[in-house]
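Trainee: Below, each chain spelled out in residue letters.
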Amino acid sequence: MKSMRKLLAISAIGVLILSACGGGDDGSGALEELGDGEGAVNVIAWAGYIEDGSTDPAVDWVTGFEAETGCEVNAKYANSSDEMVELMQSGEYDAVSASGDATLRLIAGGDVAPVNLDLIPNYADVFADLKDKLWNSKDGVAYGVPHGRGANVLVYNTEAGAAPDSIKAMFEADSPYAGKISVYDAPIYIADAAVYLMATQPDLGITNPYSLDQTQFDAAIAALETQKSIVGQYWALYTDQQASLEAGSVTLGTSWQIIVNLAKGNAAKIEATKPKEGATGWSDTWMVSSKAKHPNCAYMWLNHIISPQANAGVAEWFGEAPSNAKSCDLTADANHCANFHATDASYWGDVWYWTTPTAECLDGRDVECVPYTEWVNAWNKLRA
Amino acid sequence: MSSVANTLRRSTRFASKHPRVGLGILLSGPLLWLLVVYVGSLALLIISAFFKLQEFTGKATTELTLSNLDEVATESAYLMMVLRSIGIATAATAICFALALPVGFYISKLAKSWAKRGLVVAMLLPLWAGYLVKAFALRAVFEPGSEFGNGGFLKNTIGWSPGFGYLAVIITLAYMWFPYMFLPIYTGFERLPESLLDASSDLGAGSIRTFFSVMMPMLVPSIAAGSIFTFSLSLGDYITVKIVGGTVQMVGNIIERALLAPNQPLAAAFTLWPIGIMVVYLGVMARLGAFKNL
Amino acid sequence: MQISNRSQFSLRATTYGVLVILYTPLLLVLILSFNTANSLTWPPRGFSTHWWSTFLDVQSAREALFSSTRLAFIAMVIAVVLGSMLSFALQRFEFYGKNSLSFLAVLPIALPGIVTGVALRNTFVRFGFDLGFISVVAGHTTFCIVVVHNNVVARLRRISPNLREASADLGANSLQTFRFVTWPLVRSSVFAGAILAFALSFDEVVVTTFTAGAGIQTLPQWILNNFSRPNVLPYVTVVATIVMVISLPIAWLAQRLADPPNDKLV
Chain A
50 MKSMRKLLAI SAIGVLILSA CGGGDDGSGA LEELGDGEGA VNVIAWAGYI EDGSTDPAVD
110 WVTGFEAETG CEVNAKYANS SDEMVELMQS GEYDAVSASG DATLRLIAGG DVAPVNLDLI
170 PNYADVFADL KDKLWNSKDG VAYGVPHGRG ANVLVYNTEA GAAPDSIKAM FEADSPYAGK
230 ISVYDAPIYI ADAAVYLMAT QPDLGITNPY SLDQTQFDAA IAALETQKSI VGQYWALYTD
290 QQASLEAGSV TLGTSWQIIV NLAKGNAAKI EATKPKEGAT GWSDTWMVSS KAKHPNCAYM
350 WLNHIISPQA NAGVAEWFGE APSNAKSCDL TADANHCANF HATDASYWGD VWYWTTPTAE
410 CLDGRDVECV PYTEWVNAWN KLRA
Chain B
2 MSSVANTLRR STRFASKHPR VGLGILLSGP LLWLLVVYVG SLALLIISAF FKLQEFTGKA
62 TTELTLSNLD EVATESAYLM MVLRSIGIAT AATAICFALA LPVGFYISKL AKSWAKRGLV
122 VAMLLPLWAG YLVKAFALRA VFEPGSEFGN GGFLKNTIGW SPGFGYLAVI ITLAYMWFPY
182 MFLPIYTGFE RLPESLLDAS SDLGAGSIRT FFSVMMPMLV PSIAAGSIFT FSLSLGDYIT
242 VKIVGGTVQM VGNIIERALL APNQPLAAAF TLWPIGIMVV YLGVMARLGA FKNL
Chain C
80 MQISNRSQFS LRATTYGVLV ILYTPLLLVL ILSFNTANSL TWPPRGFSTH WWSTFLDVQS
140 AREALFSSTR LAFIAMVIAV VLGSMLSFAL QRFEFYGKNS LSFLAVLPIA LPGIVTGVAL
200 RNTFVRFGFD LGFISVVAGH TTFCIVVVHN NVVARLRRIS PNLREASADL GANSLQTFRF
260 VTWPLVRSSV FAGAILAFAL SFDEVVVTTF TAGAGIQTLP QWILNNFSRP NVLPYVTVVA
320 TIVMVISLPI AWLAQRLADP PNDKLV
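Protein chains in written order, with my numbering: chain A, 50 to 433; chain B, 2 to 295; chain C, 80 to 345.
Take the hints with a grain of salt, since some may be wrong.
Simulated crosslink set (DSS-like; lysine-lysine; CA at most 25 Å straight-line) [unchecked claim]:
(1) K323(A) to K277(A)
(2) K318(A) to K217(A)
(3) K313(A) to K325(A)
(4) K430(A) to K53(B)
(5) K18(B) to K177(C)
(6) K217(A) to K342(A)
Far from chain C, by Cβ distances over 12 Å, these chain B residues were calculated [unchecked claim]:
(7) L27
(8) M81
(9) A92
Hints are computed from structural coordinates only; laboratory data are not their basis.
Glycine included, C-beta positions come from ideal geometry on N, C-alpha and C.
Based on the sequences and whatever the hints tell you, model everything.
Mentor: This is how it looks when you write it as structure tokens:
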């Protein structure tokens, strides 16, 4: 039939065009020399990392940078690591504050370039136990600079009962908080279910919540299915969880310190804690795009955000441990670093930083582990 | 000036004598746009649904595979979600229709003439208020609260709120798209020839009989036209769902999730659902005469 | 038609009831713009004019407003030209593929925005075309063309061909006919379509999210961006109120143009 042939012809041409145009060029190596600023820098970040005084006039580490370097900061806020990876693939952005579950994908995909540490003087002051880690370097080459780290805290309403200290309250069907539980809406949350299983089903043998073989993974999904019946909210926007915490629709959930602080600022009766079984967490890395149109400004931004003053500012605002050791003397609250365990290695012992699960088991086992694309598929099905 | 006018006159005379050329000129711009840019993009999107994803980096390759389509068409969780989306869109459309009909009738036939335009503008003005702001305002309306907190507008005013979920989504969608259903129906009422209505009562039909046997059949194209907007906007909506839906997800959400995963081929495969549903819907509406009366 | 008093009353009640439901959330927005708290929760925690007085200092809001206006204006202009051309072509001529074209002309608004957005983005990214102002204009123009086309073709259908014939009989060439006969009858629908296209483009967020590049931020994108940033959230209510107030005369004008007083066109 004529129309059938036409359709086939069009499809064939389409496939040819697409295959010819697929795959751009991967970026070159690291920047060799720092030149003049290009006047602007497009940055992808978690909300709260780029404050220019518009949220709170006292919270500003951007206007000074813009005045000094002439690089105007255009911030794009992403709500999940997945979104950050997707945005970076478009090649439109110069820098990104990637968590550990995004960094390796960006490196493997050629979307970020190695970082020339000689051009970032402030790197010298970064805590040693954040340098050259699995998620921010490859074969000894650094792909970014550490931003800071934090745990995914358990937020609870102080009037809803005795303060919970266990992750079980988030998962068990008879939880006193049932129906008012708030869960982070991203596939990486499956790892939290794995942390729960590490404590409640030790014979599954989970040693690393990002390193799950099929049996362990299925158990985690089963736990999440049970949890679904007691969840009230899957949040992606801070303001969503914040509004619900203030209104009392949510009385327990996984959260970040910044949200807790903001809701407390509106008289919400809440507190946050790290569950005794441990928690997932994140250690963010600032990376430079391999297709950056403003590489000089990007490097200047990286150097600035890990400088002692700026890093202290963002660590306090967001509620995380800074990456620059000198920041601890500059925080407004003298106890900030102590509260966030910036120098306390034992605190981070049971905090599992977001990492991308791979088919090759991260804990070194010889079996096949479930890769991240399967995590995404499972999460999509769970949420459907 | 006269040389320009002369050229214009000569070319229009040429175009009148050769209508095909005139047609060609008129069509070239829009055709280029619609066909090449829009339909071309749709075709490329559909083709990309057959591409395989490179697992670790999340980039699409150009290897062909049926696995995306297979996932999208056979996974029961997704099929249920598509059915639910159709249900929600239908419910929202039905509510819009149920309200737009009496309101359109009232404003067109019963309202005083000086009030008519004001009422129509009042019904349409919320369209200008901004989609996102309305969604968040409705969030503040539906917030359930609990014994530990205040809750939203409904909770504080009437003591009860449906909370975030299916009902909130349906009501919010109906709220958002009501003007799109109202306008064609109102216009339809306005265009009903008085002579027919008079003839109907002359023949002895009461108002109810006239309404159902004379007015409604003539309104079907307008209703169909209005429902196209309302149904399609509700079907593909994902922002409202995120804001007032609680844990509810619709087909637009799964497309966004797949896209941001990043898994562009899977997202493209998911879009086949709303595309397919809307093509069928448009076909049915075309039969009801919607296109003659958009 | 004879309508009983009871029916008349319930119809009037329904109409005004719908009005109340439509405007209550908008009223909440207005009230919340005077809220002391920084979240969009009800009830408001106090009265403050802080957001209104400092709103003009928010540079990103001003830029977003300007960006949206510029984008909507350009999309509207292109759509008016292309949409009107399409209407005239579809109304005046018979040709092969006419039905398919009519069908295609509805697709941009019949298909959900996310489909259009994802499709266009896919195309731009694959061909290495930088996402920026042009890509988002392309996205907006697509549905704006449809809106203008709907308005113009509806009016064209109701203009009797007798008028053009009479004009030709009286000796006018097609250019004069257009200028003196067709255009005065059609122009209000073009303007109405243009205003509606402007409004849609100004408020559009889905297609914009997928087609705008890093440097573009329209007003709806600014609003969405600020939903991630708690203490800037109330500015959204201020901007929304301002836009609503400015829109009132424009919406009135649009409605006035769409329904000419003399509705009987020979």
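Trainee: Give a verdict on every hint.
Mentor: Hints versus structure:
no., hint, in the structure
1, K323(A) to K277(A), "holds, 22 Å"
2, K318(A) to K217(A), "holds, 22 Å"
3, K313(A) to K325(A), "holds, 23 Å"
4, K430(A) to K53(B), "holds, 19 Å"
5, K18(B) to K177(C), "holds, 21 Å"
6, K217(A) to K342(A), "violated, 47 Å"
7, L27, "violated, 4 Å"
8, M81, "holds, 19 Å"
9, A92, "holds, 16 Å"
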